[in-house]
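Residue-level listing of the chains:
There are 4 protein chains.
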Amino acid sequence: MTAAGQRIDVGVLGATGMVGQEFIVQLQGHPWFNLAWVAASERSEGRRYADAASWRLRTAIPAGAADMTVDGCQPGSAPRVLFSGLDSSVAREVEGAFAEAGHVVVSNARNYRMDNDVPLLVPEINPEHLALLATQRQARQWPGLIVTNPNCSTIMLTMALAPLLPFGLRTVNVTTLQAVSGAGYPGVASLDIVGNVIPFIGGEEQKMETETQKIFGRLNGNRVEPHGVTVSAHTTRVGVTNGHTEMISVGFDSAPAEADIVEAFRSFAGRPQEAGLPTAPERPVEYLDDPYRPQPLLDVDRGRGMTVTTGRLRKCPVLDYKFVALGHNTIRGAAGAAILNAELMKIDGLLG
Amino acid sequence: MTAAGQRIDVGVLGATGMVGQEFIVQLQGHPWFNLAWVAASERSEGRRYADAASWRLRTAIPAGAADMTVDGCQPGSAPRVLFSGLDSSVAREVEGAFAEAGHVVVSNARNYRMDNDVPLLVPEINPEHLALLATQRQARQWPGLIVTNPNCSTIMLTMALAPLLPFGLRTVNVTTLQAVSGAGYPGVASLDIVGNVIPFIGGEEQKMETETQKIFGRLNGNRVEPHGVTVSAHTTRVGVTNGHTEMISVGFDSAPAEADIVEAFRSFAGRPQEAGLPTAPERPVEYLDDPYRPQPLLDVDRGRGMTVTTGRLRKCPVLDYKFVALGHNTIRGAAGAAILNAELMKIDGLLG
Amino acid sequence: MTAAGQRIDVGVLGATGMVGQEFIVQLQGHPWFNLAWVAASERSEGRRYADAASWRLRTAIPAGAADMTVDGCQPGSAPRVLFSGLDSSVAREVEGAFAEAGHVVVSNARNYRMDNDVPLLVPEINPEHLALLATQRQARQWPGLIVTNPNCSTIMLTMALAPLLPFGLRTVNVTTLQAVSGAGYPGVASLDIVGNVIPFIGGEEQKMETETQKIFGRLNGNRVEPHGVTVSAHTTRVGVTNGHTEMISVGFDSAPAEADIVEAFRSFAGRPQEAGLPTAPERPVEYLDDPYRPQPLLDVDRGRGMTVTTGRLRKCPVLDYKFVALGHNTIRGAAGAAILNAELMKIDGLLG
Amino acid sequence: MTAAGQRIDVGVLGATGMVGQEFIVQLQGHPWFNLAWVAASERSEGRRYADAASWRLRTAIPAGAADMTVDGCQPGSAPRVLFSGLDSSVAREVEGAFAEAGHVVVSNARNYRMDNDVPLLVPEINPEHLALLATQRQARQWPGLIVTNPNCSTIMLTMALAPLLPFGLRTVNVTTLQAVSGAGYPGVASLDIVGNVIPFIGGEEQKMETETQKIFGRLNGNRVEPHGVTVSAHTTRVGVTNGHTEMISVGFDSAPAEADIVEAFRSFAGRPQEAGLPTAPERPVEYLDDPYRPQPLLDVDRGRGMTVTTGRLRKCPVLDYKFVALGHNTIRGAAGAAILNAELMKIDGLLG
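Residue numbers (my numbering), protein chains in the order written: chain A, 1 to 352; chain B, 353 to 704; chain C, 705 to 1056; chain D, 1057 to 1408.
Only chain A is shown next, with the shape it has when bound in the complex:
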């Protein structure tokens, strides 16, 4: 689609953190985007990227990134298109400053997600929400713009639920068993997780309950009308490196047949698949017949970390059905999600 020489220069805000590192890996060899700039907090500014980042990924640090000099998080020499893995303590201010300075900010931070004029995007589910950007431009008078992806646990949930929307989804009960990489680095203390479970993740349950309604919402003029689905979440942390497992119960207006749900999982696809976006998995949702699956260790890498794997569909005595879903929290749940967002924006002419 784009010749190698014409790749779009991109940068990463918060490049030394866990999400930032995953951005660096996912952008390596990207056919459309060229990593040209990395920025982080003052502590890292001016240092060689490989020295500033406590590299924590299995994939070795890409040679091109290792020798980059880390810049500060101020507009100036940054390219127009930026991925943000900033911490929420600074993201609102910094991302806003970049949008005001004319940058396209494709953010993984939570700060702008629920703002009325900011798309909370999952390309397979609500690509039309990009239309909110017209409102955003008008309301904020930014020459740039901000687009967000959901919280990692919400993405897995909405990917697993989206195939069920046509059946009249009404209620959802979900318990998560979340990986430690979702908490960044150093994040969760090992004393809290070795042979243990933490039954609480601050703010996570509310995010799942409200973000889901916005993602599934209908675009109505210049705003998104939240979907009427009611979600209740229990979120826990377990001793897993990568992969959030979710135990989901669902209730419908009128319950479909079991086979229809399996078929809906397996045939689910959206604009990323139609357009063949580089980061899009061939099958965004898989369904496995083995009752012992999906498991984080065995299934988290499906579709290069972009597939959400489901299994164990069965009747639920309280709601209608229950099943399991699993996804890679730092790829489909963070860096990969944002890059897929940017790819969708590219074919919609929004990176121009």
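Don't take each hint at face value.
With a Cα cut of at most 30 angstroms, we get these calculated DSBU-like pairs of lysine-lysine [claimed, not checked]:
| hint | chain 1 | residue 1 | chain 2 | residue 2 |
| --- | --- | --- | --- | --- |
| 1 | B | 559 | A | 315 |
| 2 | D | 1263 | C | 1019 |
| 3 | A | 315 | B | 698 |
| 4 | D | 1371 | C | 1019 |
| 5 | D | 1371 | C | 911 |
| 6 | B | 667 | A | 207 |
Hint data in this document are derived by calculation from the structure and do not stem from the laboratory.
Given the coordinates of chain A, work out where chains B, C and D should sit on it, guided by the hints.
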């Protein structure tokens, strides 16, 4: 109550397994019961107990038990009162044979639990179910008898729910994060659990859904009418040694105030507490205010493993409330449960 | 020995950290010492102890300590005898200030350990090193004093080696597999340890190599002549909560018989055992015959965490023998060690 | 080298076990070998491979293998070249029968490793040992042959030590921290490893001590003269999925400079690299400067699992130097090792 010299001799069926080992530890120094006999499968028969058992508990093997000779699982030299930690593959036949030979079998196995004439007992909840034994005696013409305790996950659930029954409990959705000790030894392969989650435990969900109704059922003449509560369970295995964590949502006919539920947890007590049974915890259910609790590593030993700890009570958007419960699966969920059953039977004159 | 009403008031410096918490637990119900004062950094000053400490121990926070108000780490209202669980970044200055103000500081910090006039004490091994205090008093002109215990890995090593000293111990090669509690809280990041090994612990190897020589050293006039044993250590961190495992090879001037070593382990005892100090384990070193032992999960609590357990003694092709040792790093390796030191000082009239 | 249509048909003995599964993955898309046959025990015979194998690898089961029918372990329809992942309880008999029936058996089992006429091959180290096959043919009168690779822990050790041989290596002390995948499936019980360490692996230490001497031995006429290096091993199991970590101390006739050892690690190569064998890593041994590396989670996949990573070289007070080595136990330590052996045999004309 009973002088040391008058302690009742008891034996353990399946004494070398994990539940059997926990029986040996829990009976050590028991004021009413004296461990006098251990039995296991043919492989162990005739061997010294300490040699036959692959001892897997933190508490050292009690000196008195270590030198016992393991007997086979046939009536004969066995004392009248027996605790059974037998595997379900043999429990129906073996326990039946012992009851037929005049023994009181206090069993942790699942085989007889749902039989109409067998008490499925949790002393704090349904001590009156022991009345089923009259039916059992008549129906089976056994000179002995069989009493059972529930599955480990069910016990934690029913202990946490029992305080809520007076509020008109209608529906329950629960996801478990279960410890590996619940699967016996060798049980779960380490390759399946190191850094992983297994989203399925065979038969466990159905047990939780049906046993709960029987435990909460009303004794009506010679049978138990199942309680109308609807339970839906998701059961998973995680890398924890001891302690099942359960994420529970509950719906009521008419929802009580939050403070009333907390008060109900904290004031819950039953016949074991009234009678001061030796194994009864002072507080069968605790409620912690810290949102990060209960945790297996920190809370599993409360009440010497007999207390179920709850926390994080909050509104549920789908049902009425949600909260967390935790209990020790091999003590309150198995050996301790059976011993508490026997203690109740003792004061009710059923061990005579 | 001392009537309850005459217990000695003691305080804890660094009371909110992991070692501080273990001090609080180990002092609970102590027959000689009465916890009367807790101090920590400015962040905790003035707060209720239970609120200031992120309590991380299985044993519940003792009621008496929970409601204490945390003081700052300045002399003033502190009792004369203080246990220090201070971080090494501040311990030299703070402990020195307290000694200068007349306090007896029984410290777990590393800062003063290798000072010539400071005893590095293991009561079973070198109780006579307390004689260094005369030098200390003269040299520093402190009205108070400072006594230290070794690094947690060093204590396990020296306890396991002390029984072998009479055979002419010359060389030691040791690899440790250390628990995460040894790194404090939050300490090791879970991303670094879930399903992983960290092959480096900063400064630990050198401590093992030099502290061992001082502990085994001969008191010569007013100084300790380091023992000539050569120690080489590899130190690693593994996903264990409590319990350092050490794989040890030893070389002798002239190698003893295997049975003599086992006998030396089993019969090892010192002044704490002779004097029946309250915290002294009956058997400071145990030897297990089972080749799969000792294991952290099963053996760490022996002797209420004060026993070092050994096993697997066998010939070493390079040195003479090799074996395994295990000990509880926050009890025998830290808080319990310091309390045993104080008990020894008490009977030697040094707390007066 | 070989056209796709001319790939050599190969089979796998013990194809359903953990090593067998790794063979299937490593052979997928192999340029020289074509997986044409899978065999396992009677229990699996006649079943579809995907149904017979409890697939436990992250890489999905290759489509070509999934639908194969599992054969029994008898010669007959098997191709000439066979990889063996058989359990040692049956390997001597079964592999011998296949060699007697004219097959080339490239084995990972331990049974024939120390036989005088069987090469114990590490292609980077002792490719010339293949000359033993002439002796083997003469001695056994087999129309086929057997070649073996070392125990997984031995391979990592010898790969890390081979670069040091030119300096006059004399003594080695090594402690391993081994992954659970090395024990097969189900293998190690999770109760033994969650939050724990097992300080013993049956037979492992002796294998490391004797196999190393044979691997480094000099071919002298029709036999291998064992190398004079003395090895002492402590072997332990830790909660890691893949990757054996080894803490190694080495003594030399005359110790080289530190920089020379690092250079030796980094420049080490052998016939696989010279010949560009398909499975050969570009760098068989890497040396990392970061003191916290190598770590299993981060470094085990280097060189597609065929590189042994070293680090932390420093002086040893007892021997001369000490350092850390890490390798992938089921790839470089098993299936990848055997396939590299077969590739070497191919270019040496031994598969013809």
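Inset, instruction - Assess, step by step, whether the Cα of residue 559 of chain B is no farther than 30 angstroms from the Cα of residue 315 of chain A, and give holds or violated. - result: Cα-Cα ~15 angstroms, so holds.
Legend entry - Hinted pair residue 1263 of chain D and residue 1019 of chain C, Cα distance within 30 angstroms: holds, 15 angstroms
Legend entry - Agreement of residue 1371 of chain D and residue 911 of chain C with the hint, judged by alpha carbon distance not exceeding 30 angstroms: Holds: residue 1371 of chain D and residue 911 of chain C sit about 15 angstroms apart, inside 30 angstroms.
Inset, instruction - Take the C-alpha atoms of residue 667 of chain B and residue 207 of chain A, compute the straight-line distance between them, and say whether it is at most 30 angstroms. - result: Roughly 15 angstroms separates the two Cα atoms, so the pair holds.
Inset, instruction - Starting from residue 1371 of chain D, check that the Cα of residue 1019 of chain C is at most 30 angstroms away, please. - result: holds, 25 angstroms
Inset, instruction - Assess, step by step, whether the Cα of residue 315 of chain A is no farther than 30 angstroms from the Cα of residue 698 of chain B, and give holds or violated. - result: Violated: residue 315 of chain A and residue 698 of chain B sit about 42 angstroms apart, past 30 angstroms.
Violated hints amount to a single one, hint 3; each of the other numbered hints is respected by the structure.
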